[in-house]
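Student: The lines below spell out each chain.
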Amino acid sequence: MHVDPRTLIRAAEPSAVAGRNGGPGLAVCPSLGVLVTSEYRVNTLSVFALPRGDNHTRMRLLRTIGGVALAAQDTL
Amino acid sequence: MQPRTHFDFSSGWGISGALAFMGPAAARRLVVTDHGNDAVHVIDGFADIYVGESDSCHVGYVASPGTICGPRGVAARGSLVAVSTWDFLSSSKHITSLFEGSNYAWTMVRRVLGDFQKPECTSVGTLGNVYRGLRFTRDGTGRGWRLQMASLGASACTWCRTAPLTGMWARGS
Numbered sequence: 907m908h909v910d911p912r913t914l915i916r917a918a919e920p921s922a923v924a925g926r927n928g929g930p931g932l933a934v935c936p937s938l939g940v941l942v943t944s945e946y947r948v949n950t951l952s953v954f955a956l957p958r959g960d961n962h963t964r965m966r967l968l969r970t971i972g973g974v975a976l977a978a979q980d981t982l
Numbered sequence: 002m003q004p005r006t007h008f009d010f011s012s013g014w015g016i017s018g019a020l021a022f023m024g025p026a027a028a029r030r031l032v033v034t035d036h037g038n039d040a041v042h043v044i045d046g047f048a049d050i051y052v053g054e055s056d057s058c059h060v061g062y063v064a065s066p067g068t069i070c071g072p073r074g075v076a077a078r079g080s081l082v083a084v085s086t087w088d089f090l091s092s093s094k095h096i097t098s099l100f101e102g103s104n105y106a107w108t109m110v111r112r113v114l115g116d117f118q119k120p121e122c123t124s125v126g127t128l129g130n131v132y133r134g135l136r137f138t139r140d141g142t143g144r145g146w147r148l149q150m151a152s153l154g155a156s157a158c159t160w161c162r163t164a165p166l167t168g169m170w171a172r173g174s
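Taken in sequence, the protein lines are chains A and B. Per the working numbering, residue 907 is the first one in the first sequence, and the count goes up by one each step. Per the working numbering, residue 2 is the first one in the second sequence, and the count goes up by one each step.
Just chain A, with the same shape it has in the complex (with noise of 0.2 Å):
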């Protein structure tokens, strides 16, 4: 699977994830297609789906592991 380097950057910023308390930990994995985040201050993983094919502006929730459940939403 390719990934755009510059979808990943702004898959990073803060905006991608600020709304749900991201931070600190970060980690891309091409070959599964996912992005994970964690949260700190609610002590959650939160699981993204990397953008495929030419639609790079949007990642979706896939799932939030450990704290509070959270519905999938999109974000971007």
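Hints may be right or wrong, so weigh each one.
To be verified - Residues from chain A shown here face chain B by an in silico Cβ test under 8 Å; the list is partial:
(1) P930
(2) G931
(3) L932
(4) A933
(5) S937
(6) L938
(7) V940
(8) V942
(9) S944
(10) Y946
(11) R947
(12) V953
(13) L956
(14) G972
It is worth saying that the hints were derived from the structure and are not from the lab. Glycine is no exception: its CB is placed at the ideal position from the N, C-alpha and C atoms.
Put chain B on the given structure of chain A with help from the hints.
Tutor: Then chain B, alone, in the frame of chain A:
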């Protein structure tokens, strides 16, 4: 019984929650530092991300709760996982621990202390206090990896050659 995914990234001094993927592409797993529980978690289940309870994706530990003091940063490469640890930022030792293993069995094979003058290291001098930043890079010989450690308050990284694991570590900066 508390769920294993009851992380604590923010209690006490500083924060944790550093992340690194490890393992082959077909079986990637996520390593997570959790200083509140003094643990380093292994998370799986990204291949079938839409199913399962939150705790079901927790498949084990690189360091079980209570066996490592204040894990902060993490890096992974092949069968190696490096974890930087400290309890108090300015008054406790900063230690980088290197684990080797896979899936459910991990063994600590190296500990690098902040003062860098312990027998397992070859050189004297000071390894600045590693805050979180760790990264594996090729060591230039094609045989192993360097573990680069970013020091708190310093503009340079210190590195250790990680192969062979049983030998003395080289050091540079």
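Student: Now, for every hint given, state plainly whether the structure supports it.
Tutor: Right, here's what the structure says about each hint:
With 8 Å as the threshold, the beta carbon of P930(A) comes within range of chain B, its nearest partner Cβ sitting at about 6 Å, so the hint holds. Hint on G931(A) holds. Least Cβ distance to chain B is approximately 4 Å, under the 8 Å limit. Interface restraint check for L932(A): the shortest CB-CB distance to chain B comes to about 6 Å, inside 8 Å, so the restraint holds. About 4 Å separates the beta-carbon of A933(A) from the nearest beta-carbon of chain B, less than 8 Å, and the hint is met.
The restraint placing S937(A) at the interface with chain B holds, with a minimum CB-CB distance near 4 Å, inside the 8 Å limit. Checking L938(A) against chain B by beta carbon gives a least distance of about 5 Å; that is within 8 Å, so the hint holds. The interface hint given for V940(A) is met, as the beta carbon of that residue sits about 5 Å from the closest beta carbon of chain B, less than 8 Å. The restraint placing V942(A) at the interface with chain B holds, with a minimum CB-CB distance near 6 Å, inside the 8 Å limit.
Below 8 Å, beta-carbon pairs count as interface contacts, and S944(A) has one with chain B at about 3 Å; its hint therefore holds. For the restraint placing Y946(A) at the interface with chain B, the shortest Cβ-Cβ distance is roughly 4 Å, inside the 8 Å limit, so the hint holds. Proximity of R947(A) to chain B holds as hinted, the smallest CB-CB distance being about 6 Å (cut-off 8 Å). With a cut of 8 Å, the hint placing V953(A) at the interface with chain B holds, because the nearest CB-to-CB distance is about 6 Å.
Restraint check, L956(A) versus chain B: the minimum CB separation of about 12 Å is more than 8 Å; hint violated. At about 4 Å, the closest approach between the beta carbon of G972(A) and any beta carbon in chain B falls short of 8 Å, and the interface hint on this residue holds.
In terms of the numbered hints stated before, the structure departs from hint 13 and from no other.
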